[in-house]
Amino acid sequence: MQEPISPAQQHRESLAVEMKAASRVTIIGMVLDAVLGIIKVIGGALFHSQALIVDGIHSFSDVASDLVVLGVMKVSRQEPDDDHPYGHQRIETFGTLVLGSILIAVGAALAWENTLRLIEGGVETMPGWPVLVAAGASVVGKEWIYRYTREVGVAIKSDLIIANAWHSRTDAFSSVVVVVSTAGAMMGMLWLDVFAAVIIAGIIIHIGWKFTWDSVKELVDTGLSPEDTKMLKSIARDTNGVRNVHELRSRRMGHDILLDIHLVVRPEISVSEGHQIGMQVVSGMRDALDNIRYINFHIDAENDEDQPLTSEQLPSREDIRAVMAQRLGELPAHSRLRLHYLKNKVHLELFLEEPVTSTALTAANIREQLAEYPWFGSIRVWISGP
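Just so you know, the sequence shown maps onto residues 1 to 386 in full-length UniProt numbering.
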């Protein structure tokens with residue numbers, strides 16, 4: 001019988017599978033981008049199409065982004081370590097930021113160059129029909145690699161791979177523009193070719209800005225949308241045993257979501273029951289959003305969100321037992337003392353196995369002896385039956 005695999009081992013195996021899939025699709029895309037880039041740049045130069053040359057440069061920028069993706073994925077899919085206990089997925093986010101910045105720079109340079117050409121009157125030579133063939137082949141190839149790459153990105157939950165897929169689709173879009181502009185130029189509108197090159201540059205800048213902005217939001221710990229936050233709070237409140245919810249904080253790490261939440265439960269329940277209620281909340285939230293990786297829940301006996309921070313000044317169990325020993329004498333050997341820290345007071349429950357003959361341990365006497373202490377809230381004495 002095969003032994004069950006530990007969660008840590010499952011995570012390691014998952015990272016290895018994800019890395020293999022990401023590397024395979026990225027290398028295939030990189031080879032395709034290189035071939036298309038060469039064809040389009042040479043074809044554009046030979047057959048007088050500035051738009052096709054720009055489109056070819058866009059394909060070469062895809063090769064550069066593919067190299068970045070390969071390096072970043074290798075690092076970001078490493079296991080968590082002492083220095084990075086939550087993993088290395090922020091490196092993937094940083095890689096996406098770099099990719100977006102490169103796209104913006106390339107697009108801006110191409111837009112500037114071709115805007116000047118457009119102002120000067122466009123091109124003087126009509127592009128040849130092979131430009132249509134090269135651009136059409138690019139549309140087919142880039143749309144195929146987009147679908148393949150996006151499918152892998154969704155499967156392994158990698159925003160970087162999904163972003164790279166959309167990068168491929170922008171190349172397909174730009175090739176469509178080349179087809180339209182070339183057809184227009186062949187009908188006598190020679191300026192349309194350069195105008196199309198400016199449009200392509202704008203597409204590159206737009207998609208680069210989207211990648212960059214999304215990455216910046218993640219790096220500064222932007223939380224979930226108000227809709228998702230409201231949904232998660234509702235799930236927590238509807239869980240049996242939860243009285244209230246507050247301080248739900250969220251952030252992203254790559255595709256994963258990290259959550260912190262405070263759950264208010266009945267103050268008289270045990271620690272283990274409170275923890276079990278928290279685990280039920282975790283289960284409900286993960287059913288709603290399957291990319292939640294960590295949920296750090298804090299169990300509260302009361303809503304302390306608006307309470308002054310004085311509870312840290314309340315006495316510990318050892319301090320309270322010392323006060324009781326001084327004022328009441330030593331507690332019986334088999335007695336149990338339960339403490340409730342509520343509303344910045346300490347409320348005591350004393351459990352005795354049998355009635356005591358001394359009046360020292362009656363609720364009235366304990367209340368009288370401890371009333372002068374500002375931390376004292378209340379006392380209840382419980383005596384076991386025969």
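What the hints contain is simulated information worked out from the structure, not anything from laboratory work. Fair warning: there could be bad hints in the mix.
Said to hold, decoys possible - With a straight-line Cα cutoff of 16 Å, these simulated EDC-like cross-link-like pairs (lysine to aspartate or glutamate) come out:
1. K343 / E268
2. K20 / E79
3. K343 / D287
4. K345 / D304
5. K345 / D287
6. K233 / D319
7. K217 / D256
Claimed, not checked - Derived Cβ-Cβ restraints for the label pairs, each shown as a range:
8. S14 / R327: 57 to 63 Å
9. L46 / S23: 48 to 54 Å
10. E273 / A360: 28 to 34 Å
11. V31 / V220: 35 to 41 Å
Cβ atoms here follow ideal geometry from the backbone N, Cα and C, with glycine treated the same way.
Violated constraints from the hint list, given by number and in increasing order | 3, 5, 6, 9
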